[in-house]
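Novice: Given next are the chains, with one letter for each unit.
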Amino acid sequence: MKREVPMVLALVFAIIRIGFELLQPMIAWEFAPGKTVFSRLSFSLTFMSVMGLLMGLINLSRQHINTIRRKREHWVYSVWLLIVLYGYAIIGLIWGPDSNTFIWIYDALIVPLDSTMFSMLAFFIASAAYRAFRIRNVESTILLVVAFIVMLGNVSIGEMIWSSEAWLGGFKGIKDWILSVPNTAHARALSIGIFLGAYAAAIRVFLGLDKKYLGGTD
Amino acid sequence: MTFWEKMNAMDPRWIFLGMAVLLTIPVLFPLGLAITIDQETTVPIYNWIENLNPGDIVFADVSYSGGSAGELGPQHKAWFRHCMLKGVKVVWVAQWNTGAQLGYEFCLEVVEDLAEEGIEVEYGVDWVYVGWKAGGTTMWRNMQLDFWDACAKEDWVGNSFEDLPLMQRVKKWDKETCKGIMLFTAGSPGVPTYTTYFHDYDIYLGDVAVQVPGNMNLLRAGQIKGMLCGLPGAAQYEILLGRPGQAVKLMDAQSLGHLWIIVLVILGNIGFYITRKSGTPSG
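Residue numbers (our numbering), protein chains in the order written: chain A, 1 to 218; chain B, 219 to 501.
Keep in mind that the hints were calculated from the coordinates and are not lab data. Yeah, the Cβ is synthetic: ideal placement off N, Cα and C, and Gly gets one too. Where hints are given, some of them may not hold.
[As the list claims (entries may be wrong)] Take a look, some chain B residues computed to stay more than 12 Å from chain A by CB distance:
no.	residue
1	Asp256
2	Glu258
3	Asn265
4	Val308
5	Val328
6	Asp331
7	Ala333
8	Gly354
9	Lys397
[What the hints assert, rightly or not] Estimated spans, in silico, between C-beta atoms of each pair:
no.	chain 1	residue 1	chain 2	residue 2	range
10	B	Pro272	A	Leu9	18 to 28 Å
11	A	Ile192	B	Lys371	33 to 43 Å
12	B	Leu303	A	Phe195	19 to 29 Å
13	A	Met48	B	Gln386	23 to 33 Å
14	B	Val481	A	Phe13	36 to 46 Å
Kindly generate the complete structure, drawing on both the sequences and the hints.
Specialist: Printed below as a string of structure tokens:
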């Protein structure tokens with residue numbers, strides 16, 4: 001029963017949810033004036049998502065408390081993580097998310113740290129390009145030529161070297177063609193493949209063929 | 219040790235220093251390199267706002283955080299400025315919790331700039347910042363069903379929707395109310411929320427450069443109508459507005475940064491070939 005009940009629930013709610021999305025008249029079913037059955041069902045997903053946040057918080061805390069208890073490598077970082085995690089949450093709970101303290105921490109720490117992490121990519125890409133981007137065969141040559149064209153087609157200096165009003169539309173014209181034709185063909189093929197895979201995975205869960213989400217080994 | 223062997227063994231800190239210098243100098247002393255306006259990606263967004271009537275309502279979404287603010291911040295500000303100048307009303311939502319406050323601050327910066335120029339923009343009348351709401355992608359489906367209920371009838375700073383005149387016109391997020399959606403995105407959740415639940419709306423993107431190739435197929439298919447592509451997109455929009463700003467200034471830095479990478483790749487390959495011929499192992 002421990003496994004059958006969740007499986008039946010998954011199937012029933014999948015049918016209800018898909019039915020509501022596919023059959024338009026069902027969306028208008030009201031259980032009270034202005035309150036539709038579908039909106040309540042949809043809100044239940046929101047509650048589940050919020051519960052997921054709570055589960056994440058509990059799980060993260062348990063893992064890091066264990067790391068601290070057992071004094072695993074870099075356990076000090078776990079202490080710091082818990083201090084920041086609960087400290088920021090407590091500040092938000094006591095003074096509110098629109099308090100000056102809460103916003104100051106966001107503006108003065110979170111945003112600059114986030115920007116710094118992302119900005120460092122420019123430096124590491126430059127270093128990696130120098131050390132690893134080698135013409136060893138035909139494939140790497142194609143990759144290099146395409147990378148040069150797309151990079152130059154995106155910036156003003158590319159326009160200066162080979163103008164978009166010149167033959168073939170310059171770097172920009174070729175870059176646009178690369179993005180619009182070969183790139184689009186690959187991206188669309190990938191998207192279709194991913195969605196077909198996701199549908200197949202969802203149907204397996206609905207039909208009870210995939211039970212991994214229930215725990216256990218099968 | 220030959221010159222190329224020394225080059226191959228170069229300390230990466232020299233590369234970092236070169237990049238830092240090339241990114242900093244053009245910011246301090248702009249070079250004024252020409253910027254071409256992209257007719258297929260940038261212009262449709264500009265024309266969309268130009269062709270709206272004063273009082274029309276559009277929705278905008280902040281799906282980014284501080285990491286992408288360098289690219290999406292200038293886009294956000296230029297586009298919002300355009301809306302305010304045209305009298306188009308904007309309702310902001312945010313799919314990313316980590317960027318919601320940042321998006322709000324960018325809007326305030328635009329409002330302050332406009333006030334300095336003598337253009338008054340009123341919160342609650344010309345724009346409302348609903349911000350982030352817990353619940354993930356399904357929350358956006360709920361917003362379609364009952365916008366007020368889904369948002370708990372409250373904006374980002376705690377104002378009740380009852381007190382905001384613009385929200386009296388936005389009881390539902392439907393095609394009658396919303397004349398298009400502008401999404402500034404740096405990842406997930408982002409575009410799929412709108413291509414799934416809002417597929418029959420006119421959707422426009424403000425995208426980080428790294429995501430542009432991945433979203434280009436949506437533009438070709440007509441699922442999105444226009445796209446601001448990274449910093450160049452922001453710079454082009456600023457030029458279309460006739461007010462070159464932060465993005466235009468940063469484009470020179472980006473040009474030199476790209477050029478530095480190209481020079482490094484060429485030098486790296488020359489070194490690789492010369493040292494390989496002479497039998498010395500290299501990168």
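Novice: Now, for every hint given, state plainly whether the structure supports it.
Specialist: Now the hints, each set against the structure:
1. Not every Cβ of chain A is farther than 12 Å from the Cβ of Asp256/B; the closest lies at roughly 8 Å, contradicting the non-interface assignment.
2. Not every CB of chain A lies more than 12 Å from the CB of Glu258/B, the least distance being 7 Å, so the non-interface label is violated.
3. Look at Asn265/B: its CB is around 19 Å from the nearest CB on chain A, clear of 12 Å, so calling it non-interface holds up.
4. A cut-off of 12 Å between C-beta atoms confirms that Val308/B is not in contact with chain A; the least separation is 20 Å.
5. No Cβ of chain A comes within 12 Å of the Cβ of Val328/B; the nearest lies about 17 Å off, and the non-interface call holds.
6. No beta-carbon of chain A is positioned within 12 Å of the beta-carbon of Asp331/B; the least distance is around 18 Å.
7. In this structure Ala333/B is separated from chain A by more than 12 Å, as the shortest Cβ-Cβ distance comes to about 21 Å.
8. A beta-carbon of chain A comes within 12 Å of the beta-carbon of Gly354/B; the shortest separation is about 4 Å.
9. With a least CB separation of 23 Å from chain A, Lys397/B remains clear of the 12 Å interface cut-off, as annotated.
10. For the hinted restraint 18 to 28 Å between Pro272/B and Leu9/A, the CB-CB distance of approximately 51 Å leaves it violated.
11. For Ile192/A and Lys371/B, the hinted distance range of 33 to 43 Å is satisfied, since their beta carbons lie about 40 Å from each other.
12. With their beta carbons about 40 Å apart, Leu303/B and Phe195/A fall outside the hinted range of 19 to 29 Å.
13. Look at Met48/A against Gln386/B: about 32 Å separates their beta carbons, and that is inside 23 to 33 Å.
14. Roughly 58 Å separates the CB atoms of Val481/B and Phe13/A, a value that falls outside the hinted 36 to 46 Å.
Checked against the numbered hints given earlier, this structure breaks hints 1, 2, 8, 10, 12, 14; the rest are met.
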